[in-house]
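S.K.: Chain by chain, the residues:
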Amino acid sequence: MREILQVQGLTKTFRLSAKQQKLERTKEKVRVAVDNLSFSAYEGEIFGLLGPNGAGKTTTLRLLATLIRPDSGDALVDGISVVRQPDQVRSRIGFLTSELKLEECFTPNYLFDFFADLHKVDPEVRDRRKKMLFERFGIDRFAEVKVANLSTGMKQKVSLVVSIVHDPDIIIFDEPTNGLDVLTAKVVTDFLQELRGEGKTIIVSTHIFSLIEKLCDRVGVIISGRMIVCDTLERVCGGMSLEDRFFEIYKETAGEAE
Amino acid sequence: MRNGIITIMKKELARFFGDKRMVFSILMPGILIYVMYSFMGTAMGDAFGVDEDYTPSIRSVGMPASVEALLDGAALPVEETADTAGAKAAVTAQELDLLLVFPEDFEQAVEAYTAASGQAAPNIEIYYNSASTNSTFVYRSVTALLDAYEAQMVNKFDVNAGGEGYDLATAEDTAGSFFAMMMPLLLMIFLYSGCAAVAPESIAGEKERGTIATMLITPIRRSDVALGKILALALIAMISAASSTVGTVLALPKMMGGVTDEVSADIYGVQDYLLLAGVIFSTVLVLVTVISVLSALAKTIKEAQTYVMPVMLVVMGLGIVGMFGGGASQELAKYCIPLYNSVQCMIGVFSFSVLPLGVAATIGVNVAVTLIGVFILARMFNSEKIIFAK
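Protein chains in written order, with my numbering: chain A, 881 to 1138; chain B, 208 to 597.
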């Protein structure tokens, strides 16, 4: 299997404001969000980043999506550096997170075309993909309804569809089922498995064990910005449930830190 | 133009024209200005005018025949009275318009008086009430009649007898200097308002709503986003400014009442309007760019509106300076200062003293400032500190 994503010693720090320092009762001026992180993802797999809140999952995904730049280290997406050629990386990935919003005054139909234009998708291909994806997610009935008037679940589906207008080979998904009802969540997880079947690579971040167990081929456990374990789900678990194994890892790591 | 720029422009325009409230808020100022200015003009005319069929009430003490004839001729009938105090009270109560008190033997005293004697001239006392429009009006009419009567008695020479045909200023000059004084300030304010109404909404608003990051994870160039937004916003701001300007130009003659019959915008030719359009568009580009960059620093629309306040002060200050500047500057160097150059060009065009090289310099400098702004804005879109500021 081909390594389509190579993360090499990615490090990202944030400066803490005086207010934040006070709030967290710390004197440190710099917070290390991602600490020398390395891992790889292979073509046609679902890779899960598992970790508690504040572990650095979202920062890692933002770094991969070129929204922010690493202090040091690099990540190669299909051999292209997120540091040196972010433009080319952007056309190869689809990134979805709840922070990225769609303009509410537009319709799904308009937004699909707009983002297709930004990705320079051929109009013919665009229309074909639009029809297919809108039908797949039941957006076709709401194609001309302003996003503002859609339900939360429908908004999330539109966001998902818009993030993959350009049929990217790598899809990065931050907390894919957060805030979704069980039905919509199932539609999304089914779709991710379908994409894997098409040979796409999917990177998801989550703190939900069952989601990882259901979806992921391989999993990386991040705690305090560092990759503690990264292997296939079976090998990481070693016969235990992921939940039990995670707490074991967490204890070991926390003990190490203390 | 690159496709990316056009895509962004189309989106900005679609967002704007898809929102009826936005369209309304942009076109409204022009309509409001027209209605308000017209109303103010009419109301002011009413306040300082007197009904044509108004019969003034005037009383006098010791009215000489000559003056009575004079006032009668001007349809100002006078009633003789002996009760000075009562008449004064009536004036205060606004029941009487005027009380004239003549010195005894007024006509003989005037006849005998020579300025060389060094004595005080015979004095007519006229009591009126400045709080009453009618009283003030009658007071002015009577004073003018008496002044003319006095001048006629000791006439040694006249100045501009007849009054017509001495002002050699053409109608164009009169209207030109009027427009040159009023319009630059108004135009600058309208242009600023147009820009300030749309730019913070589009830049800081997209940050606030979290929609700009969605756009920035696509391969579109940051400079395309910046330029596309600036061009679209400039177009919308122009529409807004045009609405306000049309409203003003239509309402100005009404505002000025009968005083300025000659003031009409048709004294300017196609060339003047073309020059003006060039200056205005390049000015809008500068304003939109500056406001956009400031808005990009803000996290919310509200914050952005605070940041752009100083720009308004600068714009208004420049407009006011232009009002009292005494014509357009003929120094080319002054046309290299953004915004100041716009005011100078507008004065030049309106007063028919435009410096063509100055207009060229203005447009050149403004386009350069815009390009620098686009570069800065593109860098800002690339900065995680600005896009993800918390």
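There may be inaccurate statements among the hints.
Stated by the list, open to error - Within a straight-line C-alpha distance of at most 25 angstroms, the following computed SDA-like cross-link-like pairs (lysine to any residue) qualify:
(1) LYS899/A with ASP1002/A
(2) LYS217/B with ASP1002/A
(3) LYS899/A with TYR514/B
Said to hold, decoys possible - Residues from chain B shown here face chain A by an in silico Cβ test under 10 angstroms; the list is partial:
(4) LEU277
(5) ASN362
(6) MET422
(7) ARG428
(8) GLU591
As the list claims (entries may be wrong) - Below, a sample of chain A positions facing chain B; criterion: calculated Cβ distance under 10 angstroms:
(9) ARG970
(10) THR1032
(11) LEU1122
None of these hints come from the bench; they were simulated from the model. Bear in mind the structure is a predicted one, so any value in this text is a computation, not a measurement. We treat Cβ as the ideally placed atom computed from N, Cα and C, and that holds for glycine.
S.K.: Compare the structure with each hint and give your call.
M.R.: Structure-based check of all given hints:
1. A hinted pair counts as satisfied when its Cα atoms are at most 25 angstroms apart, and LYS899/A with ASP1002/A does not qualify at roughly 49 angstroms.
2. Between LYS217/B and ASP1002/A, the direct Cα distance comes to roughly 18 angstroms. Compliance with the 25 angstroms bound is thereby established for this hinted pair.
3. For the suggested pair LYS899/A and TYR514/B, the alpha carbons sit about 23 angstroms apart, so the restraint of at most 25 angstroms is met.
4. Taken as an interface hint, LEU277/B does not check out: its beta carbon lies about 74 angstroms from the nearest beta carbon of chain A, beyond 10 angstroms.
5. The interface hint given for ASN362/B is violated, since its Cβ lies 77 angstroms from the closest Cβ of chain A, which is over the 10 angstroms cut-off.
6. With its C-beta approaching chain A no nearer than about 7 angstroms, MET422/B sits inside the 10 angstroms limit, and its interface hint holds.
7. A least Cβ separation of about 7 angstroms between ARG428/B and chain A falls short of the 10 angstroms threshold, and the interface hint therefore holds.
8. At its closest, the beta carbon of GLU591/B sits 4 angstroms from a beta carbon of chain A; the interface hint therefore holds under the 10 angstroms criterion.
9. Checking ARG970/A against chain B by beta carbon gives a least distance of about 4 angstroms; that is within 10 angstroms, so the hint holds.
10. Contact between THR1032/A and chain B, as hinted, is not supported at the beta carbon level, the nearest pair being about 15 angstroms apart and thus beyond 10 angstroms.
11. With a least beta-carbon distance of about 30 angstroms to chain B, the hint placing LEU1122/A at the interface is violated under the 10 angstroms criterion.
Going through the hint list in order, the structure does not satisfy hints 1, 4, 5, 10 and 11.
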